[in-house]
Amino acid sequence: MDAMDAINGTDRTNGITGITGIEDVNGIGGTDGARAFPGNGAAPAAISFPGVAARAAEADSTGRVPAESWKEVADSGYLRLFHPPELGGTGADADTQSAALEALARACPSTYWSMSVSGLLCGKVIGMYGDPVEHRRLLDPLLAGEISAAFSIVERTAGSDASTYRTSVRRAPGPNGGFLIRGEKSRITNAPTADLAIVLARREKDAGDDGPDWCLAFVDLHQPRVSRYDIPHMGLRGMPWGGMIFNDAHVAEADVIPVPFEALAEGMSWGWLKTSFAAVAIAESALQASVRHAKQRESFGRPLAHMEGVQAQLADSRAQIDATRLLARRAVVERVAGRPARDLLALLKVYATEMAVEVATRAVQIHGAYGVTSGHEVERLYRDAEMNVIGSFTTNRLREQVAENLGAGAPVYAPFDWLAPAGLTALPPGLDGFPRPVEPVHD
Amino acid sequence: MDAMDAINGTDRTNGITGITGIEDVNGIGGTDGARAFPGNGAAPAAISFPGVAARAAEADSTGRVPAESWKEVADSGYLRLFHPPELGGTGADADTQSAALEALARACPSTYWSMSVSGLLCGKVIGMYGDPVEHRRLLDPLLAGEISAAFSIVERTAGSDASTYRTSVRRAPGPNGGFLIRGEKSRITNAPTADLAIVLARREKDAGDDGPDWCLAFVDLHQPRVSRYDIPHMGLRGMPWGGMIFNDAHVAEADVIPVPFEALAEGMSWGWLKTSFAAVAIAESALQASVRHAKQRESFGRPLAHMEGVQAQLADSRAQIDATRLLARRAVVERVAGRPARDLLALLKVYATEMAVEVATRAVQIHGAYGVTSGHEVERLYRDAEMNVIGSFTTNRLREQVAENLGAGAPVYAPFDWLAPAGLTALPPGLDGFPRPVEPVHD
Amino acid sequence: MSHVLSGAVRDDGLTEDHGPTDVTPGAASASAPGPEVWGHRIGSGLVRPTVAGRDRAGRWDPALFAALAGAGGEGAPGAGLAGLLVPRDLGGGGLSAAQAAAVLEGLGEGARDPGLALAVGAHAVLATVPLRAFGTPWQREHYLPAMADGTWTGAVSLRQTQGGARPLTVTAAPAGAGGWTLDGTVDLVPGAPVAHHLLILARHEDGHGVSAFVVDAGTPGLRIVPGGPAAMPTSSWGTAVLDSCAVPDNAVVGTPGAAGRETGPLLAALDWVFTTAPWVGVMRALTRDCAEHIRRTELFGRPLAHSQSARQTLADLAIRSELSSGLVRGAASRFDLAGRSSLADAAAVRLFAAQALRTVLDGASRLAGVDDLGDDRLIERAHRDALFFSAVGGGAEVLRPVVAASLLELG
Amino acid sequence: MSHVLSGAVRDDGLTEDHGPTDVTPGAASASAPGPEVWGHRIGSGLVRPTVAGRDRAGRWDPALFAALAGAGGEGAPGAGLAGLLVPRDLGGGGLSAAQAAAVLEGLGEGARDPGLALAVGAHAVLATVPLRAFGTPWQREHYLPAMADGTWTGAVSLRQTQGGARPLTVTAAPAGAGGWTLDGTVDLVPGAPVAHHLLILARHEDGHGVSAFVVDAGTPGLRIVPGGPAAMPTSSWGTAVLDSCAVPDNAVVGTPGAAGRETGPLLAALDWVFTTAPWVGVMRALTRDCAEHIRRTELFGRPLAHSQSARQTLADLAIRSELSSGLVRGAASRFDLAGRSSLADAAAVRLFAAQALRTVLDGASRLAGVDDLGDDRLIERAHRDALFFSAVGGGAEVLRPVVAASLLELG
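Chains as they are written, first to last, in UniProt numbering: chain A, 1 to 443; chain V, 1 to 443; chain H, 1 to 411; chain P, 1 to 411.
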């Protein structure tokens with residue numbers, strides 16, 4: 001077997017993860033300390049955030065991203081990877097972007113969400129819709145990690161249904177110019193802590209203004225006419241989440257950007273990509289924890305790793321994660337190449353997020369009581385996983401969009417009243433008919 | 001349609017729950033106040049615990065069963081239902097027992113777990129293995145709800161594998177008689193708060209003692225040589241959970257009862273029943289919350305209740321819950337008739353607990369962001385549901401037992417080393433073979 | 001091994017303890033053998049020996065059906081399988097609905113022949129109960145005694161067991177001189193080529209109402225074209241073509257125009273519950289086959305029964321069988337009480353059992369591998385037939401709204 | 001509508017943008033039509049028109065196979081489907097493994113004929129690659145050119161694509177005067193009745209080692225008994241019976257005694273990846289069929305496409321197709337690099353795709369109801385064939401340990 005062993009030597013430990021070219025991207029529990037991103041061409045496998053990983057439980061219990069973690073990530077250059085040099089980024093290639101997304105989400109899903117919403121999603125939106133010169137004053141500190149931003153779309157009324165949004169922007173009276181914003185955004189990542197909000201708002205238009213009905217407002221959150229609140233949440237607890245109330249808060253002239261609503265879809269679908277990587281990473285972390293546990297633990301005299309039922313769960317998870325990661329990385333390739341890939345992102349987000357819940361549930365089962373004990377990584381991942389299903393467009397809503405992309409047409413609503421005409425709300429008779437006879441039909 | 005309407009009149013609102021004869025057993029959020037159990041023959045549907053339901057969120061956030069809830073349940077006579085009059089119970093019929101189990105678990109799964117472990121499981125075990133006269137001193141306050149008990153089997157080492165348990169009982173030296181118990185039990189419901197522990201322990205046997213190797217020790221937890229700790233946990237947070245360390249704690253002579261290990265199975269399977277009803281109730285609560293939400297909520301101009309995707313989720317949940325409840329109630333009938341029904345209980349526990357996770361996951365999806373917001377009933381139920389999969393024998397372990405009951409034989413362990421002989425760990429060649437040739441086999 | 005897990009009845013037809021398979025779920029009884037034992041014995045004795053050959057040949061066996069129709073033996077009611085639900089005073093077995101479901105479950109397990117079990121259910125339940133429930137005294141006395149002993153068989157299209165979810169393809173117009181003229185085509189009729197009469201739902205040509213008709217096979221204008229789906233080839237299949245088919249007024253079953261509230265929903269509910277019952281037996285049979293299979297099959301050089309994964313799969317089969325059985329029995333028992341049955345209950349039964357069957361077949365085929373179980377290729381046959389089963393009665397797209405509407409108080 | 005969701009190729013064979021179906025997953029290319037377009041065109045042009053009839057009759061069509069073997073047209077490599085993986089210098093198309101997988105995926109989508117796609121894959125991949133990888137120069141030059149143009153077809157038993165998970169049923173004993181004597185029976189050989197030669201794994205009679213043999217159909221002592229499973233009837237099936245079958249030393253493929261490390265795992269990995277590829281195409285075809293079906297079908301008086309539930313089901317089909325495609329392409333591409341492929345990767349592909357296929361078939365049949373889709377009854381046929389597909393190559397009970405062992409560093 002010598003020759004075969006020689007060939008197998010390097011492969012056995014990496015196993016199937018090799019398919020993606022990214023292997024065990026971070027050593028959870030390793031030593032602290034940031035590591036700068038390698039240049040393009042360096043092995044993406046080198047990306048890791050050991051300090052962030054070590055502080056993941058702390059983030060969960062305090063409900064905030066630890067300052068050291070924020071700094072570690074900012075110092076690594078993570079926030080710049082996704083942006084072109086002309087906007088202050090480093091324009092990493094697709095492999096590096098994918099590896100970085102997964103690595104940070106492996107280390108701490110909450111930190112990943114908070115920082116990616118700020119640096120990736122908000123950064124992309126400012127880059128796409130803002131002014132390339134004027135808004136460097138926002139982008140520069142954002143990509144340096146000196147400020148954080150919240151992407152503020154959703155309101156209290158209804159998740160992703162924009163027709164219900166009421167927040168609006170109008171011209172400020174008086175000589176100083178600028179605008180006033182009024183309304184409330186709720187269930188927003190980073191809302192309780194951010195410095196800057198990218199707010200979707202309605203434009204109160206002057207007569208003759210035939211511009212878009214909507215705008216993006218870049219709102220400085222450090223002003224008295226903004227108040228904010230926390231919303232405690234089941235998972236991703238280290239990610240600040242909550243609402244912000246604008247009570248005629250001031251927005252600078254240059255920071256209100258009229259945008260047709262449809263145009264925003266492109267920017268928002270970065271959110272689906274971010275969420276999908278969160279899901280892949282949560283699933284991978286849950287799987288790796290399960291592998292570790294299965295190797296260490298015995299039950300009824302049998303090491304868990306030797307039990308076929310446990311193996312079956314691990315194998316199913318492995319296959320699902322591999323399939324999802326391949327699609328996720330393909331989506332990054334598309335995005336980096338400048339193609340929208342929104343169809344791909346929609347179906348990726350649906351599968352990835354539900355897959356992660358399934359994998360995390362298996363991980364809890366494999367861990368038994370450990371998996372439901374607070375403070376255990378798997379207990380946290382189980383709570384985190386479900387958040388991705390709900391976050392950035394609920395998955396069931398996205399399924400409708402996938403179907404529309406497949407040619408099923410736009411959703412058509414009709415009140416549900418067709419069972420009675422079909423006789424299918426009736427109380428059917430017993431073997432001997434009804435207790436009393438049915439009256440004949442007279443038209 | 002008049003005749004049909006007359007016939008349909010009463011059925012439409014009850015809908016399919018009618019199959020079980022138990023309809024909306026408690027009005028969550030109703031007025032406070034205990035209601036005594038009806039006598040046998042009274043409609044089980046009358047059983048409800050509105051005060052307990054109103055305090056369910058409080059139980060979750062404080063990690064304890066509120067004293068008022070404990071009192072409400074105790075005053076209702078719940079704790080006596082499962083026991084014959086000669087042991088101080090009321091010997092309710094199967095329908096009433098089933099209805100009561102589901103009603104309390106609907107109101108608050110944590111309170112249900114804590115009180116059912118105490119009054120049902122520990123009560124049964126004392127009744128089955130204890131002395132019918134002597135141990136009335138324990139049973140009477142237990143069934144009155146004046147004291148609470150912990151069923152203490154599991155240790156730190158391994159979940160349900162008794163061969164790893166080390167806690168032992170030995171004769172106390174000196175003239176006062178009795179026994180000393182030493183060891184640690186962990187991950188035990190009510191451990192942090194109980195007055196009494198029913199402890200499974202090894203017997204340190206004198207020479208010539210050919211009695212069982214195991215015993216049950218009824219341990220007074222209010223003594224200096226007992227220390228206890230909390231274990232924070234993901235769900236069922238209102239249920240105290242943790243460990244107890246016996247450092248040569250004293251046990252009265254009459255309170256150490258030698259029991260063959262196999263004999264305990266009968267008592268322990270009450271735990272499977274209790275857990276299964278918790279699962280059914282959590283699923284029903286999650287479904288009812290989903291129905292309420294679907295009726296109230298609009299998205300994209302469509303009431304959720306009118307959306308077929310939501311309907312599909314509700315229908316699947318309804319069918320699964322109905323099937324499970326029927327089996328659970330059949331199991332109660334068997335138990336009340338004095339038949340062990342352990343096979344039935346094993347498969348019930350497997351399905352019920354995983355079904356509840358599935359239903360709760362659907363409920364979170366239907367609720368969207370509400371479903372992951374702390375303090376929302378559905379967020380709590382999602383965390384609670386998974387606990388039942390792990391609690392009282394993990395579900396995957398029980399599957400093995402079901403298979404054994406089906407004639408598959410006892411689990412047989414062999415180290416997993418058969419892939420390599422089958423050539424299935426090799427690194428297969430590429431299209432053009434291996435990088436270098438394989439050496440011939442020489443035996 | 002308790003029978004709860006191993007199936008209601010041993011293979012040899014001997015009875016075991018019958019508490020949990022008692023016809024009233026939840027009620028314990030450890031006395032006489034239940035009706036499922038009788039059904040199982042008939043199935044294993046008469047049907048199973050020839051199922052593989054009949055299935056391969058796609059052959060309907062009239063002699064076999066006649067034998068089932070008149071089957072007796074220990075535990076038999078006054079009549080054979082054909083007359084399960086015909087009252088005793090009309091020559092039938094007079095079983096309760098719950099008992100009939102138990103018989104069909106036993107039949108499914110013993111016979112291992114979903115096609116023939118469907119043929120039995122279509123005749124003895126779908127074609128029989130509407131006549132019993134809504135038939136005129138003349139109709140009941142004319143049809144039911146001959147149906148009870150199998151002299152006449154009745155047939156119903158499985159397109160007409162979903163209420164009005166999809167448009168009815170047969171129209172009825174009043175004839176000038178009384179009576180009705182029927183036109184249209186309805187396929188998927190098990191038993192059509194051998195039926196004495198068909199029960200047909202037709203919508204009134206004027207758009208107002210639906211009526212049920214019992215149409216004798218010899219009626220001019222009614223033509224039966226043999227043939228049907230690839231599934232369940234041991235049933236006989238046909239399409240009924242009605243071309244200006246004139247029927248008398250006394251061919252109307254139930255209130256004229258009101259079949260949308262009478263026979264229509266009744267057929268749906270009966271289909272959802274009673275054609276499911278034999279499948280519960282099939283699930284039990286598959287479970288037992290698998291338990292046997294993993295004991296005698298080796299993988300990686302050791303018995304498959306040693307694999308934790310195989311054992312867990314086996315457990316999941318048993319669980320699905322047991323849950324489905326309880327649901328079917330529970331819903332069936334409600335037909336015994338006028339005004340207590342519910343379409344939502346019945347729909348939930350089918351919805352759950354169809355999903356359970358998929359799980360059982362997936363698991364069984366995973367355990368069996370490329371070889372089938374037993375000598376009659378049950379997995380392959382059941383896999384094929386289950387695809388059809390899960391689609392008739394409207395399928396999940398009809399069942400789910402029916403269940404949900406009841407919860408949501410919509411319709 | 002992007003082709004990502006609608007399938008790689010339109011029904012009419014016109015190409016769309018091909019970035020995501022490029023043979024290198026993750027690499028974007030929007031230039032020439034990918035190999036899957038060629039495969040799709042061949043399938044829809046040559047295979048699909050007759051699939052329903054061949055399936056019903058269970059008929060192997062040698063002329064059709066010959067046409068596929070020599071198929072050319074735009075985008076064709078130097079050879080037809082038979083020679084995909086034969087190097088160009090031996091008369092083949094010289095495609096990369098990734099390209100070959102793409103061709104098979106396109107073929108599966110266009111042809112809608114899992115049986116014929118299996119026949120192609122068994123010849124062009126399973127029977128071809130071991131000779132290419134391990135054959136002596138004589139074996140390569142003797143067999144591969146004639147295999148590349150379809151003059152000769154090679155066959156392999158699908159029992160022998162799971163490594164040594166189950167015992168091999170053929171033994172090899174050294175003959176006194178050199179050469180080997182083979183004894184035993186191996187069934188489930190697609191193409192056996194028409195094959196020129198078979199690739200057979202045999203365990204050494206002395207218990208030490210396994211060797212692979214290429215055995216010509218005319219060899220005395222080798223008898224082919226036609227017949228096989230009910231699944232994939234458009235392939236030809238047979239059983240090889242070896243009765244003191246004497247073969248020369250140059251019939252051994254690869255290192256004598258080492259097939260347990262060479263051809264054995266190679267066949268498993270090839271099966272797990274390449275016979276999965278056409279099924280990815282079938283999933284795409286079902287997805288598109290369903291999208292079309294729900295637009296033109298009514299339920300409860302409105303288009304099924306208006307139902308949120310139907311739409312969500314449709315989305316799930318597209319998702320499974322897309323994920324499976326990525327996995328297959330990714331794993332296939334690793335065969336192009338000696339020493340980079342992995343059994344665990346290949347097993348994960350099959351494990352995922354078989355489950356995805358079940359989901360797709362469940363969903364498609366739920367949407368289609370009692371009527372099938374299209375005029376060729378694809379759901380019914382694929383449903384039947386998928387049962388077999390998910391069991392060959394060892395099935396989940398073999399695949400899961402292979403995947404898990406790699407994670408757990410066990411074996």
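None of these hints come from the bench; they were simulated from the model.
Any given hint could turn out to be false.
Stated by the list, open to error - Just the calculated beta-carbon pair ranges, DEER-fashion:
hint, chain 1, residue 1, chain 2, residue 2, range
1, A, P415, H, S244, 22 to 32 Å
2, A, G301, V, P340, 46 to 56 Å
3, P, E74, H, A173, 31 to 41 Å
4, A, Y413, H, E298, 55 to 65 Å
5, V, F261, P, D371, 52 to 62 Å
All C-beta atoms, glycine included, are put in the ideal place defined by N, C-alpha and C.
So, going through the hints one by one against the coordinates:
1. A:P415 x H:S244: 22 to 32 Å: Violated, since P415 of chain A and S244 of chain H (Cβ atoms, about 40 Å apart) do not stay within the stated range.
2. A:G301 x V:P340: 46 to 56 Å: Given about 26 Å between the Cβ atoms, the range is violated.
3. P:E74 x H:A173: 31 to 41 Å: At roughly 58 Å between Cβ atoms, A173 of chain H and E74 of chain P fall outside 31 to 41 Å, so the hint is violated.
4. A:Y413 x H:E298: 55 to 65 Å: This hint holds: roughly 57 Å between Cβ atoms.
5. V:F261 x P:D371: 52 to 62 Å: holds (59 Å)
Hints 1, 2, 3 from the list above are not met by this structure, while the remaining hints are.
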